[in-house]
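Asks: The primary structure of each chain is shown beneath.
Protein chains: 2
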Amino acid sequence: MLTRVKSAVANFMGGVMAGGSNGDHPSGSDLPLKFPYTRPEFLGLSPDEIECSADHIARPILILKETKRLPWSTGYAEVINAGKSTLNEDQACCEVLVLKRRPAGSIGPNRAPMTRRRSSLPNGEGLGLQENLDSSEDLTLHYWALFDGHAGSGAAVMASRLLHHHIALHLQEVMEILCTPDLVPPTCLSEEPINHHLTPSSQRVLTRAASLRGAAGAPGSPSTPPTRFFTEKKVSHESLVIGAIENAFKDMDAQIEKDKSVYNISGGCTALVVVNLLGNLYVGNAGDSRSIIIRSGEVIPMSAEFTPESERQRLQFLAYMQPHLLGNEFTHLEFPRRVQRKELGKRMLYRDFTMSGWAYKSIEEDDLKFPLIYGEGKKARVLATIGVTRGLGDHSLKVHDSNIYIKPFLSCCPEVRVYRLAQCEHGADDVLVLGTDGLWDVLSNQEVAEAVACFLANCDPDDQHRYTMAAQDLVMRARGVLKDRGWRISNDRLGSGDDISVYIIPLMYGNKQN
Amino acid sequence: MLTRVKSAVANFMGGVMAGGSNGDHPSGSDLPLKFPYTRPEFLGLSPDEIECSADHIARPILILKETKRLPWSTGYAEVINAGKSTLNEDQACCEVLVLKRRPAGSIGPNRAPMTRRRSSLPNGEGLGLQENLDSSEDLTLHYWALFDGHAGSGAAVMASRLLHHHIALHLQEVMEILCTPDLVPPTCLSEEPINHHLTPSSQRVLTRAASLRGAAGAPGSPSTPPTRFFTEKKVSHESLVIGAIENAFKDMDAQIEKDKSVYNISGGCTALVVVNLLGNLYVGNAGDSRSIIIRSGEVIPMSAEFTPESERQRLQFLAYMQPHLLGNEFTHLEFPRRVQRKELGKRMLYRDFTMSGWAYKSIEEDDLKFPLIYGEGKKARVLATIGVTRGLGDHSLKVHDSNIYIKPFLSCCPEVRVYRLAQCEHGADDVLVLGTDGLWDVLSNQEVAEAVACFLANCDPDDQHRYTMAAQDLVMRARGVLKDRGWRISNDRLGSGDDISVYIIPLMYGNKQN
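Note that the protein sequences, when read in sequence, are chains A and B.
Position 255, counted from 1, in the first sequence is what UniProt numbering calls 255; the numbers after and before it change by one each time, with no gaps.
Position 383, counted from 1, in the second sequence is what UniProt numbering calls 383; the numbers after and before it change by one each time, with no gaps.
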């Protein structure tokens, strides 16, 4: 994640090969590491190979060894940055998880103890999860994830090890509902047999609200409004999976915060995850990685980036509502550039959280404070510190030389989009591409789509290694080749000097395995 | 606006023919009216005709008299509701405004006195505005607007009289910039001659930020970060117009609030406005009216509705940030239905402002409070009170029998979308349709597009009355005909019992007149 955290923080990055940095949490350096620095487990690299992969001059592109296979013949490739950090701060994870069914009738209060384990969950043990198994009683979940770290690799490595377990845990809570296609998710769980909820009439139950505000503290008030009928909102199975992914991100973030009291967990990371479950792909994104589907050569965006510019109105609204979060040093207003003292009383362009357009205002003393959002494009920053506004970790990250925390401007909540995989026919060249910002900074959606389509068209359709080769080709196109004055790609444009990680996931296998 | 405000408020609606209700502001009834109830000025109705138009049994459809013409041969039709309120709470306005150029060099501090008039602006007098004039030195602006009132007609009538003047005032502030196509809007206005900003090199000025936080209170701090270069953000002419419309809505709302201390201004209203300026159409919307463009039979949505459901996350976020706004009587969480006391400790579906999906949580005492957002579809309410979440007025509106104000959950800020009219060729059947929710509650975008296309295809293309006839046809299709059991439309569906107002604006005239 190039230039994402201001260089003052990046300067702490030296000498972390042995253990990960703690640039944003000086006191953490005395604590043991939660997880050591590594490369994705599925690459199966030796410690020597891991060390060699961090060559900032050669920038070798790593791909799966021929003996390794990812589910659905997924392709993967990665390359380290050109020197902005000692280590590759991207991390990746790919798993097939099997959720075990609980005994029948277990939806109800007796399941509470299980969920209590969530926030201190160290790994997948004891969760009823088993990998690489299948059974008709069980629910199989495919999972791919990319994490792009900053200011250290601790949060990214930890999230790559644990986020899928949090997702599985939340899904297991609703697994019986998900496994019963005709079951409308019950509004309230009870110890009644589950088939009590199966009758069609329960799908829209008229509920008589005895009083519009009956439980709001004024029962029996003399002016009770007339009674009215309300329907019960019907919740879909899909929205239970979306809710599970959303809450798993929050739990992952809370676990990082909690474990920082006893472990050295440096920095923060973005997270882009794909969950394949019951015929749907769920893409959850918190950060500036990106995923697109390429189907018959057409691009379907499956995520949107969260940056100071794309999230301006949320950030300004938060600052306006809770001005103490700005520590009296920042203004929530946006200006096209920094306001100078000599401009007091003059009229300058601005916009606030309510505006997408611009207008002029008279400059006052308060407007001389540093703007909450500042800079353009890849150089845009929130609180002059960070260029991404969603992600995990960063609990200790503060504005340089101040006591102003970047959270809660930096939020851990993902946006989740759904793709109905089983409802479409897919050919061998229809794929889901996931990439960290190192890819998308230099290649557009259209360029990626054309490159992948062109590459796959020239491969043997039965060669399961073709997606790995296509991923390698993409990383090569984004990194470029080393010329006299740096890394160059097509049309003599600058190549990406950032860490680059890419999955290419063929979609036709999804239909076959669900 | 049928069932938009709870019936307890609607009950105050009787006997307002003489003067407008004050359902939400009892003390206002002693004050003089700001404006009397009326129908749109361009209809040119006599007092007798206005009285006859309020026949809830016959529900006559009003159209332009043959002697009247709106700009661009715009069609308009309206009908009153079926009895839910004594008066037609919709209002409309259509104007051609001419903004006069100021003397050269007047951009700068010397213009400040003019803007001070804004918030108490009683009408268009003295603003340099003239109607139905044109000159090469001036800027012509076409304006169409619909206002859908609730709990009285005061705010809707006032907004229909004044909002365009607020828009014109804001546009006049930036008129010289708008009239100079090559001029990049200056970041800071000064007394320098305006052509100082015309050189191309000013479009992206590298500004040396002396210190990242130099003016943030710690000048000369020992750890001053390294100096960096930032570009100056370039602001477009379009975004100045968007900002002008956004701020005009805020000023209109502030004027209603201020004038309520001396006038009886009842209720609130939605606002949907179209501004045609310099080859662009700007559509500003605050509420649940809707506009679509029909071009070659295809639908282009030009607005989105603001309702408790569409704005759930903004409303929940606001309540979470400022819980005192809920008066300890509401919870910011959403549940599929009201939680009952006997469900304490059980697990129920919920979602908070971070979630688009649903999950289960254990019910606690706080969850028994009434939900901030409640109900589905047209019955959804914020604070159990109102079914629309953007609009003007309503400053006195409170939760029934409480001291909880609906503002700021109800926001006056519009969303503004732009359509580049001059960049497209338009035929005689390409139109912009504006309608209050009475239209869209019973007819889909597609049904409206098909009805309009079908109607216009059967008209003489040279008959300038065709758009009025098409508007009348649309209102007829939405109102239906009176059968034994009420108003019925095609396929024996229920017709709209709400007030219905429709503009049909042909787009080909836009190209010709700009």
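What the hints contain is simulated information worked out from the structure, not anything from laboratory work.
Wrong hints could be hidden among the right ones.
[Claimed, not checked] Coverage of chain A stretches by chain B, computed from C-beta distances (three or more under 8 Å per stretch; other residues unrestricted):
| # | region |
| --- | --- |
| 1 | 70-78 |
| 2 | 147-161 |
| 3 | 167-178 |
| 4 | 263-271 |
| 5 | 315-324 |
| 6 | 409-423 |
| 7 | 464-475 |
Just so it is clear, CB atoms sit at the ideal spot from N, CA and C, and this is done for glycine as well.
Asks: Are the hints correct? Go through all of them and say.
Replies: Verification of the hints:
Closer than 8 Å: that is the beta-carbon criterion, and the region 70-78 of chain A has 0 residues meeting it against chain B, so the requirement of 3 is violated. Taking a C-beta to C-beta cut-off of 8 Å, the region 147-161 of chain A contributes 0 residues in contact with chain B, too few for the three needed, and the coverage statement is violated. Chain B is given as covering the region 167-178 of chain A, and this holds because 3 residues of the stretch bring a CB closer than 8 Å to a CB of that chain, at least three being needed. As drawn, the region 263-271 of chain A meets chain B at 0 residues by the rule of a beta-carbon pair under 8 Å; below three, the given contact is violated.
Given a C-beta distance limit of less than 8 Å, the hint that chain B covers the region 315-324 of chain A holds, as 4 residues qualify and 3 suffice. For the region 409-423 of chain A, the stated coverage by chain B is satisfied: 4 residues place a CB nearer than 8 Å to a CB of that chain, which reaches the threshold of 3. Closer than 8 Å: that is the beta-carbon criterion, and the region 464-475 of chain A has 0 residues meeting it against chain B, so the requirement of 3 is violated.
Checked against the numbered hints above, the structure violates hints 1, 2, 4 and 7; every other hint is satisfied.
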